[in-house]
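**Student:** Chain order of the listed sequences is A and B.
Residue numbers for the first sequence follow this note's numbering, so the first one is 1 and each next one is one higher.
Residue numbers for the second sequence follow this note's numbering, so the first one is 1 and each next one is one higher.
Just so you know, the hints here were simulated from the structure itself, not pulled from any lab data.
Since the model is a prediction, treat every value here as computed from it, not as a measurement.
Below, computed lysine-lysine pairings styled on DSSO-like, alpha-carbon distance capped at 30 Å:
id, chain 1, residue 1, chain 2, residue 2
1, B, 141, A, 264
2, B, 40, B, 74
3, B, 33, B, 22
4, B, 48, B, 255
5, B, 141, B, 220
6, A, 264, B, 180
7, B, 141, A, 267
8, B, 48, B, 33
9, A, 267, B, 232
10, B, 238, B, 40
11, B, 141, B, 238
12, B, 33, B, 255
13, A, 264, B, 238
14, B, 393, A, 267
15, B, 74, B, 110
16, A, 267, B, 180
17, B, 220, B, 103
18, A, 228, B, 273
19, B, 220, B, 40
20, B, 232, B, 103
21, B, 141, B, 110
22, B, 48, B, 22
23, A, 267, B, 388
24, B, 393, B, 232
25, B, 103, B, 238
26, B, 103, B, 48
27, B, 393, B, 141
28, B, 220, B, 238
29, A, 107, A, 45
30, B, 103, B, 40
31, A, 264, B, 388
32, B, 393, A, 264
33, B, 262, B, 33
34, A, 267, B, 238
35, B, 232, B, 180
36, B, 232, B, 141
Chain A side only, calculated, beta carbon under 10 Å to chain B, not exhaustive:
id, residue
37, 199
38, 353
39, 362
We put the beta carbon where it would ideally sit given N, CA and C, even for glycine.
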Amino acid sequence: MDFRLNEEQQMLQDTVARLVRGEYSFEKRLEYSESELGFSADFWKQLGELGLTAVPFPEELGGFGGTGVEVQSVMTELGRGLCIEPYLQSVVLGGGLISQAGNSEQKEQWLGGIATGEVRAAVGLQEPQSFYNLNDVETRAEKSGDGYVLNGRKAVVIGGHCADVLVVSARTSGDSRDADGISLFLIPADAEGIERRTYPTIDGFKGCDLFLNNVQLGPDALLGDEGKAAEVIEYQTGRAISALCGEAVGAMEVACDLTLEYLKQRKQFGVPIGRFQVLQHRMVDMMSELEQARSMAILAASVADEPQSDERRRILAAAKNVIGRSGQFISEQGIQSHGGIGMTWEYNFAHYAKRLVMINHQLGDDDFHLERYAAMLQAS
Amino acid sequence: MNLNYTTEELAFRDEVRAFLEKKLPEDIAAKVKGFRRLSKEDHQRWQKILSEQGWYATHWPEEYGGVNWSPVQKHIWDEESSRYGAPRSVPFGVNMVAPVIIKFGTEEQKQRYLPRILSGEDWWCQGYSEPGAGSDLASLKTRAVREGDHYIVNGQKTWTTLGQHANMIFCLVRTNTEVKAQEGISFLLIDMNTPGITVRPIITLDGEHEVNEVFFEDVKVPAENLVGEEDKGWTYAKYLLTYERTGLAGIGISKAALEHLKGLASRRLKNGKPLIEDATFGQRIAQVEIDLMAAAISNLRIIASVEGGGMPGAESSMLKVRGTEIRQTINDLARRAIGPYAIPFVEEELDLGYDGDFLSDENAAPVAPQYFNNRKLSIFGGSNEIQKNIVSKMILGL
Ligand SMILES: Cc1cc2nc3c(=O)[nH]c(=O)nc-3n(C[C@H](O)[C@H](O)[C@H](O)COP(=O)(O)OP(=O)(O)OC[C@H]3O[C@@H](n4cnc5c(N)ncnc54)[C@H](O)[C@@H]3O)c2cc1C
Ligand SMILES: Cc1cc2nc3c(=O)[nH]c(=O)nc-3n(C[C@H](O)[C@H](O)[C@H](O)COP(=O)(O)OP(=O)(O)OC[C@H]3O[C@@H](n4cnc5c(N)ncnc54)[C@H](O)[C@@H]3O)c2cc1C
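So here's chain A without its partners, still in its complex pose (with noise of 0.2 Å):
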């Protein structure tokens, strides 16, 4: 047994590792956050350029060929550089839905572009009634001529406000909660019926909710088969939990970094505050929450890819279980160990607080995930 990354996956990571140090200042980060675009246009067409958007796709594509160990070293990079590109959007939820259920002409035309980062993707699964549960799909596509005509409303599409191409889910037959009769659909984004309430998020990304008023489309724009896409779906967000892990890890790892230095350096009554049993205690314990995270990261990695099974669903709810709550406890018991300068805007521990919080809310929490645990016991 070997849990350390092979000399390729190493370089791999310590390329992304220089390329966020050099970019990705904490005061670059929120100017980027707060233009239009919400992201660096530059920094995305760097990781272009160095073949990053390309990792998980086949080498025919200019990619990798990479899986889930490789996927993970570069969103644990993004993750501790705070970075905000749409890489899990585009290149691993996008990218891989298109993987698995597109045909040819569907792949030939959207896979190259977002394997460059040419193209970008945004992916739409979940409604407003839906919470967690991306079966529980409104959203209706009726047929109309050749085609289809889509109509309902899309919830939180991180990167649907910039995105070329949407990958919607929406229902083809059945009723509102049903797994079989969802159906995906790509949708350029500029096709007519789309609205977009665009928003900040409050972990510093930009999204939107998606209006779809009548959108009209070819037959072309069904992204395989019609009904069947409730699978697809479930694979593929498996792979993007893996993928979130990652990020989790990195962001972890420099939050905890943040608070042990602060805790060395901050002085109360004439010592560092890390003399305080209370505090030496509560930093353990968030290193030992982050080496929870840690294992089920790598655990997670390890089944990102491989066909489904009852096994890799188990893993992968009890992996977003873990990095949800040791997420949440890091930032909040890393916000009171730093006491009121870990919750200023200026300082950016209180980021990557607001972050892990949040990666707790994308793709189910850990409720939801834990519900989805038990439910499989009977399984096994």
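Model the placement of chain B with the ligands on the given structure of chain A, informed by the hints.
**Tutor:** Below, chain B with the ligands without anything else, positioned relative to chain A:
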């Protein structure tokens, strides 16, 4: 043992309710209940109504314009005003500096400042903490040197809540560097408009401006603004901190926040059913409601113990810890209840006047910012670690 209010207390409660129903402006109550931003003007409007009723200064003796309510009456007032959505009074003038002036100030100080607090003419802020002096308050360095009939003040205060609205600040300053830290501190009242004072905003992680840094550069403060004796400020400061701590458990606010949470969880759907009916989530709400029930009774026990006079002891530190944990748990659950919609930061919906469509629930926008902002509850007013140090020292003899 009798856990019921007396007939007189019940009558008082009815009176309070009738007043709140009639006099509390609807727009202000809606803001408080929806956790929207309150403006300076909102606070001042409500304070004026309270002053006219004679109910603004609940901690003062009658001779100075206070109400002189019993601890139980004050509790009823807190409870009912939270329930109706009345804003909590900004405490720095009426509940902090005033009791100190009343107990330790000169006759002139009382004549000058107390009426101005009642009328709302002065807005006070608290200048205790410094960059190097947080939990270890006694290590503060802001220096005041006596020159003739003035003090010259140099240094910096920080975390000054709502200092941007204030025209007066009460400060702990160092007047003697030769003695033990606690013995060289004085309590000064400073006009914020004096030359040499600069106020700079500190933005908190939720993007709000509620705290500030205050810089003092050769600020000339008349010697008559010293409260009590020079170098005795620590005694007065500690007197004030006990006052501060008693209100910090925030039981009434937690009850209101719990109602807000239940509202969110009743409207929010999970698998087609209201979230509040969900087994997991329903139990989480139930658990915090039970904890709040216990804390509310603990609070009443402390109140009853001081009904005959005196100040609450170190027990109030335990209650502060518990009370703030409960509020933070409620904020955590509210954030969980809105699921993916915790992520968008919909600033326009934070203000009450917003008349567009709500992105999700009408009460959702403030939820995540509030959760982050309220991490402060376990930090300020003496951090929860410091409160536990107090309990282990004062009660447990450890
Ligand atoms: C079932 C059992 C089997 C054992 N088997 C063995 C054995 O095979 N060989 C052997 O040599 N010993 C054995 N021990 C003894 C064991 O190592 C001691 O119990 C242990 O070291 C704690 O010592 P103590 O019981 O004297 O408690 P104390 O040391 O008196 O501790 C009391 C409490 O104070 C806390 N405490 C102490 N110091 C600090 C500190 N600096 N900071 C914070 N907290 C502190 C402790 O964590 C504990 O909660 C065994 C004990 C048990 C219960
Ligand atoms: C939103 C907000 C509003 C505030 N408003 C005001 C105001 O209006 N006026 C004002 O004067 N101040 C105000 N404060 C300041 C507040 O009182 C201080 O933040 C508080 O005293 C803690 O100090 P600190 O932030 O410097 O943290 P530190 O004292 O540096 O503490 C850092 C960590 O160390 C822990 N710690 C410190 N000493 C010990 C110990 N002996 N044992 C164990 N643990 C310890 C703390 O509990 C904390 O976890 C405000 C603070 C905030 C966040």
